[in-house]
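Chain residues, written in single-letter form:
There are 2 protein chains.
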Amino acid sequence: MRQELRPPGTALDPAELAALDAHWRAANYLSAGQIYLLANPLLTEPLRPEHVKPRLLGHWGTTPGLNLIHTHLNRVITARDLDALCVWGPGHGGPAVLANSWLEGSYTETYPDVTRDAAGMARLFRQFSFPGGVPSHVAPETPGSIHEGGELGYSLAHAYGAALDNPGLLVACVIGDGEAETGPLAASWHSNKFLSPVHDGAVLPILHLNGYKIANPAVLARLPRAELDELLRGLGHDPLYVEGDEPAQVHQSMARAMDEALDRIALIRHDARRLGAEAAPRPRWPMIVLRTPKGWTGPARRDGLPVEGTWRAHQIPLDDVRDNPAHLRQLEEWLRSYRPEELFDGRGRPSAQVLSRVPAGPRRLGANPHANGGLLLRSLPLPPPADCAVPVDAPGTTLHAPTAVLGAYLDRLMARTAERRDFRLFGADETASNRLQEVYRATAKAWQEEILDVDEHLAGDGRVMEVLSEHLCQGWLEGYLLTGRHGLFSSYEAFVHIVDSMTNQHIKWLRTARRLPWRRPLASLNYLLTSHVWRQDHNGFSHQDPGFVDHVFNKSPEVVRVYLPPDANTLLAVADHVLRSRDYVNVVVAGKHPCFDWLDLDAARSHCERGAGIWEWAGSEDDGREPDAVLACAGDVPTQEALAAADLLHRHLPELALRVVNVVDLARLLPAGRHPHGMTDRDYDGLFPPGRPVIFAYHGYPWLIHRLTYSRANHDQLHVRGYVEEGTTTTPFDMVVRNDMDRYRLAMDVIDRVPGLATRAAHVRQRMHDVRYRHHGWIREHGTDLPEVAGWRWGRDRAG
Amino acid sequence: MRQELRPPGTALDPAELAALDAHWRAANYLSAGQIYLLANPLLTEPLRPEHVKPRLLGHWGTTPGLNLIHTHLNRVITARDLDALCVWGPGHGGPAVLANSWLEGSYTETYPDVTRDAAGMARLFRQFSFPGGVPSHVAPETPGSIHEGGELGYSLAHAYGAALDNPGLLVACVIGDGEAETGPLAASWHSNKFLSPVHDGAVLPILHLNGYKIANPAVLARLPRAELDELLRGLGHDPLYVEGDEPAQVHQSMARAMDEALDRIALIRHDARRLGAEAAPRPRWPMIVLRTPKGWTGPARRDGLPVEGTWRAHQIPLDDVRDNPAHLRQLEEWLRSYRPEELFDGRGRPSAQVLSRVPAGPRRLGANPHANGGLLLRSLPLPPPADCAVPVDAPGTTLHAPTAVLGAYLDRLMARTAERRDFRLFGADETASNRLQEVYRATAKAWQEEILDVDEHLAGDGRVMEVLSEHLCQGWLEGYLLTGRHGLFSSYEAFVHIVDSMTNQHIKWLRTARRLPWRRPLASLNYLLTSHVWRQDHNGFSHQDPGFVDHVFNKSPEVVRVYLPPDANTLLAVADHVLRSRDYVNVVVAGKHPCFDWLDLDAARSHCERGAGIWEWAGSEDDGREPDAVLACAGDVPTQEALAAADLLHRHLPELALRVVNVVDLARLLPAGRHPHGMTDRDYDGLFPPGRPVIFAYHGYPWLIHRLTYSRANHDQLHVRGYVEEGTTTTPFDMVVRNDMDRYRLAMDVIDRVPGLATRAAHVRQRMHDVRYRHHGWIREHGTDLPEVAGWRWGRDRAG
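Line by line, the protein sequences give chains R and B.
Each residue of the first sequence is one higher than the one before, counting from 6 in our numbering.
Each residue of the second sequence is one higher than the one before, counting from 6 in our numbering.
The shape of chain R in the complex, shown without the other chains (with noise of 0.2 Å):
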């Protein structure tokens, strides 16, 4: 879409400017309402304390400069019919983007029973903040927000990934003086070096410099001016800078600001778009710097202390009114100071120049329908996991490296994706590394910057994100996958936990839209963690965590999900399933390295769907009795050496009943009461039968597995073995020793539970010690892991 050019500084006239310093008034009104008044919300009677909220919550600092910037937006937003969002960085100043969406009428086709009169502002001041009522911050609850501001350092990644694929798309974000400190806001900035003017909407950052945290100065607000300058010029933007407390002067330099970037952006849009992005210069995108007191047009002071323009305006400015009759008459006189007789009619309406630039329908921004992505989200064309499935002929013969496979079936699904454009894979620096690197063939890394002849899969149109930043991979997911698109975030298995924060907050915006009719499903967050802990060949012990699995069990169940899948094909079905899936956070964790082959396509999809099973062809049970032991695994290097563990036993223990349990999709532990996958007790107890021994190697923490089977009937005979957070630079095999999980532990592990069987095979017992003892010696003089470890392949040795 085309903008008219307008030519910079021009001025409001009059009337614009009356009709403006209207609108934002009335969004002040009623922010204070909000924050305030229980009753009385048109002051018709004087202010009395029981018209006042016994407990006073929010946040108001913040609020006059976020109406302001709304104000400002509907502006330019019905004068050049933009397609906006605005992702609100300071979403703790809740009142504001409330009172813009009950000012613009979304609110009430939202929530139909807050209407846009005298009741319904009643309800809106009420409900807020109120037990029953809504969140005093920036919700999924509330309209035409993709970003609750909670947590502090996510808006512009947000705001990025919103912009990535809609090329006519404007996404302005707010960033407020205190979130910019943050490490990952502080990095987002460079966000602009991923995006492409051809491509993708644009990103308009408005840095918002109101002085003063909770409790402190912010550091970019009291920099030098020519410091921060050179600081934001240096982060690649042309600022603008709007500042002031003089309300007319302020709207004006503000409405020139806006125009000007937005002239700026589409001169940049048109340039690219025109001469092509690589004949069209590099471009600088504008930003504006807005630098309004916190708490602007509240009370000055309290108590003869300065409150606006100060931090004792974050929150509350005056504190105690029902109680204190001075409080009280000065937070009448400030709610009178916004002339509310002037702004509403006598019905509680918004008056016609209040709404004279409002836009309409979708425009508005609590209407847009990209800030309910699930409205515009479209299935994925999957290519069929048969396209890349590995062959499997006999299990355990042949190897291959599961997110190699993943990658082919990415390659096709990138392919496939080409036009539409709503599919992106994320990774820190890591896509190749994690094997991943076929999708190259589909499409490129996304790079702005100069592009050398050295270089590979590099261009601007590329739709993969890499970026030496976790951070910057979630929040540009998280923002893509809240405007309606889908992805993939390949991360090492250690670093993940570097986004176990903003993970909690993507997880409980997801469990709370859920739970309203009005927001459509969402593609599912697919996490794929791999070069995990067991094959930190290269990097060792900092790079050895696998807790993430736990931090997201601690989340709600309707949204959680975690996959183990064991192979190659196992990874494929699991793939397919989690890029169909909605609403939920998908934890998938797969190693990059070669690893048997153990079922074929239809085999793994079959497992898949009961997420856990009896692998019959590794077991060693007769029909009809019950197994003497079973060994069970999750993962795919626990399953590795449980199906080891399993071949010693067969050799060496023929009379051995066994049987091999293989979990790949680790919420079916739970009991069907405490997770939508969980299994019924009768189920459970058909894979482990009570009384009989179950040795569990795991993936990661082995108390996890007993956290999820606490309440089972055979829990006392359960027995896990996994990750104890012992490791180094090592071998493969040396890891599953120093952490107790190897073959011949887990071997021994069965001898010793299964009643009467330590007698009776304690020379086996012994020669499984001796092995374990001999690899210590081995791995010291060669460096490598013991041949018979190194050359193990299922079935070999019970042949032989």
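A few of these clues could be false.
Quick partial rundown of chain B residues pointing at chain R, CB under 7 Å, derived from the structure [as the list claims (entries may be wrong)]:
hint	residue
1	Pro140
2	Glu156
3	Gly188
4	Asp505
5	Lys513
6	Gly788
It is worth saying that the hints were derived from the structure and are not from the lab.
Fair warning: this is a prediction, and the values are worked out from it, not measured in the lab.
From the three backbone atoms N, C-alpha and C, an ideal C-beta is built for every residue, glycine too.
Starting from the known structure of chain R, arrange chain B on it as the hints suggest.
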């Protein structure tokens, strides 16, 4: 300490140039040798396949740059007698730091078997990334290091933390262009706004632009020079550029840049310390930008593809060397290109020329005591907790905000360390929000930007560190602790997840360092988690996450401690303990809202010593008879609800023999073999008698308690209530009701689980049920909690 000023632009004379180049070549040779060689370390015979390691692991790409920097730091340390540390951000370039430590002799002093001769060189080579040897990264095992550089992002924050309160120290910090893309690093640049030129040391950032990460060009390396310069100036630095690929020219340029940087630092210090911080101009600190090729001096090409200067040099520039004769030949040529015969004598000892600029004794980077901070650590002059304890005549009748009481204690501690300056408090703009503001009586918040009249508690010499970045708080604190000082990080409970991964790394560091006899114990890293899940009245769901405790319990038990003091005096007792402790990560969870005082200081202390105990005064056990049920609790809000439940049960069911157990040290629940604080089964069964129902009200996610206790005898009788991820902006009591942890629910749980009681107490249970029902209506109407809840006091109902 003063440094002699030298005129800028000094060139190296030929002898010094030759000496520096020899040192650099020696370090490069030793680095490549570590990655490749198993034998023949001095290349005294032609290189054969069996001289090469079977598994090639390590990172060559960054290594020559690190060696260059080390060589030139040696020069200026020697020339100026500097007390200096270096933080190696690209710590995966471990071979470089090991090579330099071996050259300067600090390695042999630390590990006498790795002698500074041919035999030792052979050991140095062999052990690298070899089973039983040393990790491939800089690690606790590496002399002179306080930073692993495995998970990238924290180098600069560590460097600033090391510099704080070390006015004589220079902390050089190498930042890779990959790491520079991370959020935490991007935020860390602003640390210079918190560093006092009077009281703190200097940080010299060296941004190493070698162009590529693992697989991609780096964002900063590809910026146009002018844009990069604006960025670094905007970040408050005066950059000095060293660029090239011709060694002699780069040596000259690097020497000039180092001299100029150190001269400027000396001037800044001199001005600030002579004129005073207020009068001196705000410093613009120097930094160095080093632009050299990735894998510099390594193989230019491999199999026809460029390696040197590209991402292909990141790890192993020549692979498959044992089996590929061409690669073997290339490796030998490469190694011989450093002319080892000039660098080492016939017995493998470094030549006098190589060592001519290496500093002596503790001035060596591998031997500086600041990098083994325990050597410098002094016990804190802790104030007596009794000075701040609150009087408790009867339990549950008075209220105090625990963190406010702790604030008074910390204030005294700040006063007692005013001269020593070895204790700091860290927090993300939340010290006052967390109610610790009494600390400002003794010190202020560190702030180097402009201070306005309206500001409070800001000063250049303040020892409270506040910035809106948990990453910076954590990184600074880690650097401060690792160099032998003390600190406390207070955080909103939910947002401490932002540093989950940093905590992982620090715990891994401590776990490894504890096993090294030469690493001396450090002060523990102490977290105060407050503004916790149950009291997010202002902020709601996004601010509710008690899962950090789960996160740390996955880590090495020898390092992790978790405390949940139930009231103010218990918090004081815990604080007194954790501030004395060494080499732990202590997580203390406590509320900032007024909470009932249960224990006087003596009782609090003995309760903390036990870690978990029966509160006889709160129960109703008969002598000699086992209780009918146990009500257990951990955390301030759960304790309040459990005691209110006990109160209800005493009043309505006086015949019930109820035991109340409070747990303050959560690891006590673990078995004795699993954690140093773990309880024996006998002690555990003494608290929680097998066969008796236990209703456990826990502060966080309930399944953690199951995980800690799954092997205990009475586990089947354990029923845990906690946070189950339900929340919004609402009242305190509504929060516990939403999560089924309220007093009525707990009392009903007891009734439901004591055999036979449900029938007998049906009417009592019904009344409790009714109150919960009434609560829902009440809060929706009034917005406040039920009067009987808000007005509850321990024992009042029983007496009445």
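Right, here's what the structure says about each hint:
1. Pro140: 4 Å, holds
2. Glu156: Because about 6 Å separates glutamate 156(B) from the closest Cβ in chain R, which is inside the 7 Å limit, the hint holds.
3. Gly188: 3 Å, holds
4. Asp505: Hint on aspartate 505(B): holds, closest Cβ of chain R at ~4 Å, below 7 Å.
5. Lys513: Constraint on lysine 513(B) satisfied, holds at 6 Å.
6. Gly788: 5 Å, holds
This entry satisfies every hint, going by the numbered hints stated previously.
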